[in-house]
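Participant: Sequences listed follow chains R and B, in order. The numbering of the first sequence is the numbering used here, which starts it at 1 and goes up by one. The numbering of the second sequence is the numbering used here, which starts it at 431 and goes up by one.
In case anyone wonders, no lab produced these hints; they're calculated from the structure. Among the hints, erroneous ones may be present.
[Unchecked claim] Straight-line distance between alpha carbons at most 25 Å, and here's what the computed DSS-like set of lysine-lysine pairs gives:
(1) R/K135 to B/K612
(2) R/K152 to B/K471
(3) R/K152 to B/K449
(4) R/K159 to B/K467
(5) R/K159 to B/K471
Given next are the chains, with one letter for each unit.
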Amino acid sequence: MTEPIIKVENLSKRYWISHEKGPSYATLRDELVKIVQKPAEWIMGKKSEKEHIWALKDVNFSVNSGEIVGVIGANGAGKSTLLKVLTRITPPSDGRVALRGRVGSLLEVGTGFHPELTGRENIYLNGAILGMSRKEISSKFSEIVQFSGVEKFLDTPLKRYSSGMNVRLAFSVAAHLEPEILLIDEVLAVGDVAFQKKSMSKMEEVSKKGRTILFVSHNMASVVNLCKRTILLDGGKIVMDGPTSEVIEYYMGLKENKIAEVVWSNLDLAPGNEEAKLHKVRILSDDGRPISEADIQKETQIEMSYWNLKEGAKLFVSMHLISSQGITVLTTFNAPSVSLTKDEWYDKEKPKGLFKSICKIPANFLNEGMYFISVFITSYDGMMINHAVKEKVISFNVVDTGGMRKEYSGPWVGVVRPRLSWSTEYEGNK
Amino acid sequence: MEHEIVIKRRQGLSSIDFKELWSYRELLYFLAWRDIKLRYKQTVIGVGWAILQPFLMMVVFSIIFGRIAGVPSDSVPYPIFSFTGLLLWNIFSNSLSNSSQSLISSASIIQKVYLPRILLPTASVIVTLVDFLFAGIIFIGILIYYNFTPNLIGILLVIPMIIFTLISSLGMGFFLSALNVKFRDVRYALPFFIQLLIFMTPVIYPISITPLKYQWIVALNPMTGIIESFRTALLYETPVDWNLLTISVVMGMILFVFGVWYFLRTEKTFADVI
Numbered sequence: 001m002t003e004p005i006i007k008v009e010n011l012s013k014r015y016w017i018s019h020e021k022g023p024s025y026a027t028l029r030d031e032l033v034k035i036v037q038k039p040a041e042w043i044m045g046k047k048s049e050k051e052h053i054w055a056l057k058d059v060n061f062s063v064n065s066g067e068i069v070g071v072i073g074a075n076g077a078g079k080s081t082l083l084k085v086l087t088r089i090t091p092p093s094d095g096r097v098a099l100r101g102r103v104g105s106l107l108e109v110g111t112g113f114h115p116e117l118t119g120r121e122n123i124y125l126n127g128a129i130l131g132m133s134r135k136e137i138s139s140k141f142s143e144i145v146q147f148s149g150v151e152k153f154l155d156t157p158l159k160r161y162s163s164g165m166n167v168r169l170a171f172s173v174a175a176h177l178e179p180e181i182l183l184i185d186e187v188l189a190v191g192d193v194a195f196q197k198k199s200m201s202k203m204e205e206v207s208k209k210g211r212t213i214l215f216v217s218h219n220m221a222s223v224v225n226l227c228k229r230t231i232l233l234d235g236g237k238i239v240m241d242g243p244t245s246e247v248i249e250y251y252m253g254l255k256e257n258k259i260a261e262v263v264w265s266n267l268d269l270a271p272g273n274e275e276a277k278l279h280k281v282r283i284l285s286d287d288g289r290p291i292s293e294a295d296i297q298k299e300t301q302i303e304m305s306y307w308n309l310k311e312g313a314k315l316f317v318s319m320h321l322i323s324s325q326g327i328t329v330l331t332t333f334n335a336p337s338v339s340l341t342k343d344e345w346y347d348k349e350k351p352k353g354l355f356k357s358i359c360k361i362p363a364n365f366l367n368e369g370m371y372f373i374s375v376f377i378t379s380y381d382g383m384m385i386n387h388a389v390k391e392k393v394i395s396f397n398v399v400d401t402g403g404m405r406k407e408y409s410g411p412w413v414g415v416v417r418p419r420l421s422w423s424t425e426y427e428g429n430k
Numbered sequence: 431m432e433h434e435i436v437i438k439r440r441q442g443l444s445s446i447d448f449k450e451l452w453s454y455r456e457l458l459y460f461l462a463w464r465d466i467k468l469r470y471k472q473t474v475i476g477v478g479w480a481i482l483q484p485f486l487m488m489v490v491f492s493i494i495f496g497r498i499a500g501v502p503s504d505s506v507p508y509p510i511f512s513f514t515g516l517l518l519w520n521i522f523s524n525s526l527s528n529s530s531q532s533l534i535s536s537a538s539i540i541q542k543v544y545l546p547r548i549l550l551p552t553a554s555v556i557v558t559l560v561d562f563l564f565a566g567i568i569f570i571g572i573l574i575y576y577n578f579t580p581n582l583i584g585i586l587l588v589i590p591m592i593i594f595t596l597i598s599s600l601g602m603g604f605f606l607s608a609l610n611v612k613f614r615d616v617r618y619a620l621p622f623f624i625q626l627l628i629f630m631t632p633v634i635y636p637i638s639i640t641p642l643k644y645q646w647i648v649a650l651n652p653m654t655g656i657i658e659s660f661r662t663a664l665l666y667e668t669p670v671d672w673n674l675l676t677i678s679v680v681m682g683m684i685l686f687v688f689g690v691w692y693f694l695r696t697e698k699t700f701a702d703v704i
């Protein structure tokens, strides 16, 4: 049994809260008064205020070499504090951490970048601050430059760079950091989409080299992509530590209460514009009962009601089904070529009033877990106009009731879990 | 594993990890290099300022104190007299003003990445040596202009005197930079303090104008003995006052130890307070 590469034992971090008004840092005058009045306390550095919060409390976990672990949690859950303690930026109030290897930390990209220095100079400076040796930087220099795509501006001061170029350069330096343990905070949420993709694949490449990574993020999709294991923090404590999909699902469940029905009874407050507004969205069982837990073996109905406020409008309804990990499972609307059944009201001039559309999701189609519904009320008249848009308006849980569990009972990977036809043929003893 | 880092609660003083400091020597170099690079970016005469500044100061002092006030400098031309003092004084005063800002101007680094924080004020003190080199060139020019030959013993003392100056400067720099993290008053108080201190240090006047029995008090200012001894050794035939120098050097050491102590005591809260 090898020792874990990161071992965190009873880690706690306390912050003192001062209730003083005005600037957060004390003034010399206040301190001088204190020195005169309570010299002993000043020398010992005693805190006069008593209030404190535990940003981290008794956190225990260990990470084995080569593991990639995500850390998630709401704002203030202690994610950043954990990272700051692990990177030695701030000391813990209690507990112990052992890191067995060279540590690199990325709490932001471009730490120490200076606008007056050129791109070239900043690469060296930033690299050195992140813990690279001069030799290391020199040997990777051309690679860094190439990855960033700012070759032409290497000798231009950073202040002349666009913010995109700035971020690309910063990330490129960071991406070429090669410690045994990498502690990362949200750095992927930078740059344009194309560069984010590039960064993501770089991260995956890095992770395949057997490096140990602790990855703190708000972005569930990147946690899902990168980490097999995830730790959920809440109120400075570890709430859950396990396979990423399970932890994220649990976290989503904590965050969004499972609402089976959303109703706007007041027209003025309902989402939408002067042409159409959303009235009600709910989840119904196959026999029409409102539910929040759907049986995986039964048909589930999504009911969407809306007001048409303009005489003769041609409205249609579309729906997105989104998994708990943020992946859009499907998009559908009530057009003839899209729907299995004919929707009488599609593309018809509608009188003013309330309309109700129902979309049926077949049994044995979705996998178990939580799903969200986004609803769009749209008209098409040469161009598409969304009148009412409500993203993730409602969530429901698909519960595995065991229809496909006769032979196998382990975890079932996948966004959907349809029954498909299988056949095997014997092709002879070849 | 070659590396094992243990992070624990730090109580009281964190000790200096010399092995760690040594492993960060390249970063110290980069930080100093950055400060030098940044120093004269987007200025017209650039490095010329490093030459012009002490030169103009000497001219002003020579006119006001040398000519108008008639401060005695004995056999030595007053410009040489005052410039000798300014050489070392500028290391000290520039160190104080640079290093006091070193931590707060690197707040983002302190909050986002680990490094031995003591490197930051250290780098800003080291940078003042560059200014010293330029000022030294002018000094040689002035000596040639006045056709003045300095004593060999004085030239040999340049290096130790710089080291003594750096020790005092680092001590003050550690203290002030750490103090500035918590109390931004330092930014306003320090320029005034430095201006005041130059008149309490025999930079522009010889220590002989202070009454003999009070000289030891003046010597408590570490720069007093260093500047006075250096000047005597370099320019005059009279013997160096070793007592004066010893008091000042010891004071410099005390200042250094105090600076390191205060810095390490407060270091752990930097990231949270800054």
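Participant: For every hint, state whether the structure bears it out.
Facilitator: Now the hints, each set against the structure:
1. Of the supplied pair hints, the one linking R/K135 and B/K612 is violated, its CA atoms being roughly 37 Å apart against a limit of 25 Å.
2. The straight-line distance between the Cα atoms of R/K152 and B/K471 is roughly 21 Å, inside the 25 Å bound, and the hint therefore holds.
3. Under the criterion of a C-alpha separation no larger than 25 Å, the hint pairing R/K152 with B/K449 is inconsistent with the structure, at around 40 Å.
4. Pair hint R/K159 plus B/K467 holds up; C-alpha atoms about 15 Å apart against a cutoff of 25 Å.
5. Between the alpha carbons of R/K159 and B/K471 the distance comes to roughly 12 Å, so the proposed pair stays at or under 25 Å and holds.
Hint compliance for this structure: hints 1, 3 are broken, all remaining hints hold.
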